[in-house]
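Trainee: Every number in this note's numbering is 4 more than the matching position in the sequence shown, counting from 1.
These aren't lab readings, by the way, just hints derived from the structure by calculation.
There could be a bad hint or two in this list.
Ranges of calculated distance between the beta carbons of each label pair, as one might list FRET restraints [what the hints assert, rightly or not]:
| id | residue 1 | residue 2 | range |
| --- | --- | --- | --- |
| 1 | Lys202 | Ile182 | 14 to 24 Å |
| 2 | Gln52 | Lys207 | 37 to 47 Å |
| 3 | Ile13 | Lys207 | 42 to 52 Å |
| 4 | Glu40 | Pro183 | 52 to 62 Å |
| 5 | Gly184 | Arg152 | 53 to 63 Å |
In silico DSSO-like cross-links for lysine-lysine, where the CA-CA straight-line distance does not exceed 30 Å [stated by the list, open to error]:
| id | residue 1 | residue 2 |
| --- | --- | --- |
| 6 | Lys210 | Lys176 |
| 7 | Lys121 | Lys80 |
| 8 | Lys176 | Lys207 |
Here the structure is a predicted model, which means the values were calculated and not measured.
We put the beta carbon where it would ideally sit given N, CA and C, even for glycine.
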Amino acid sequence: MDTTLGPTIHWGYGVPEDVDAFRLFKLLLLHPDDLEPGLWKHFLARTQLSSAEREQMRIVVSLPASWPDTILATMKDILVQAGIIGSRHGHNLQFVREPQAAALAMIYDAEVSGFLKAGDIVIVCDCGGATIDCITQQVISISPLRMRDIVPCEGRFSRIAMMESGFIELLKEKMAGIPGIRGAADIPGVELQQMAEKVWQKKIVKNFTGTEKYNVEIPRVLLCGQQDERADSESEAKGEPYLHFMFRN
5 MDTTLGPTIH WGYGVPEDVD AFRLFKLLLL HPDDLEPGLW KHFLARTQLS
55 SAEREQMRIV VSLPASWPDT ILATMKDILV QAGIIGSRHG HNLQFVREPQ
105 AAALAMIYDA EVSGFLKAGD IVIVCDCGGA TIDCITQQVI SISPLRMRDI
155 VPCEGRFSRI AMMESGFIEL LKEKMAGIPG IRGAADIPGV ELQQMAEKVW
205 QKKIVKNFTG TEKYNVEIPR VLLCGQQDER ADSESEAKGE PYLHFMFRN
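Model the full structure from these sequences, guided by the hints.
Mentor: Quick look at the structure:
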């Protein structure tokens, strides 16, 4: 928490690298009392909505594509217990699958920039901490915005960590062809994990559009023999602790 300009909670990729943070934390709503009523009261206090505005509010809850429809009743009970919706007035509640919500958000941005047009196909792959959801939709019209599903929502309990493991294997493959780099079997797993976190999580995942090339920093600890000593002296002379190369497909 940063208190320089008042209490600020950093979340996800917004967390500074030099602070301790809670990791592997996920809000799991399994029981009706898992969502604290104080959360909704805090939201209403911050928004300062009038009674009339509250009556007109539409509440949209996103769910993973892989969750069965039977979970909807449980989620509604959770929202009632938390005071977010009334037990008899659920007309302002709407459920949407997460890849559908992601597609709508992305298309809205594209609509503003004039990027999309009627007939375009939109494929969304939502890789989260526990599930990977996909959907394919076609834009019917831009104004008003109308879409139809070509491939319905599908999801699996796969986790983005599996994609990160694939990136680590790619690191091993790329470094295998560079003279002076340790063999894959001799590279400490923690070093590969740190490289993946620095490049995959904080650069590629956040900014990927399919056109970028990324520099990957190779720690000197991964160099071996005479190359290691030369790299140390050259890096120290330049004030740089890492060697650099670029991945190209």
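Trainee: None of the hints should be skipped; say for each whether it holds.
Mentor: Comparing the hints with the structure gives:
{"no.": "1", "hint": "Lys202 x Ile182: 14 to 24 Å", "verdict": "18 Å, holds"}
{"no.": "2", "hint": "Gln52 x Lys207: 37 to 47 Å", "verdict": "39 Å, holds"}
{"no.": "3", "hint": "Ile13 x Lys207: 42 to 52 Å", "verdict": "23 Å, violated"}
{"no.": "4", "hint": "Glu40 x Pro183: 52 to 62 Å", "verdict": "57 Å, holds"}
{"no.": "5", "hint": "Gly184 x Arg152: 53 to 63 Å", "verdict": "55 Å, holds"}
{"no.": "6", "hint": "Lys210 x Lys176", "verdict": "22 Å, holds"}
{"no.": "7", "hint": "Lys121 x Lys80", "verdict": "36 Å, violated"}
{"no.": "8", "hint": "Lys176 x Lys207", "verdict": "19 Å, holds"}
The structure shown violates the earlier hints numbered 3, 7.
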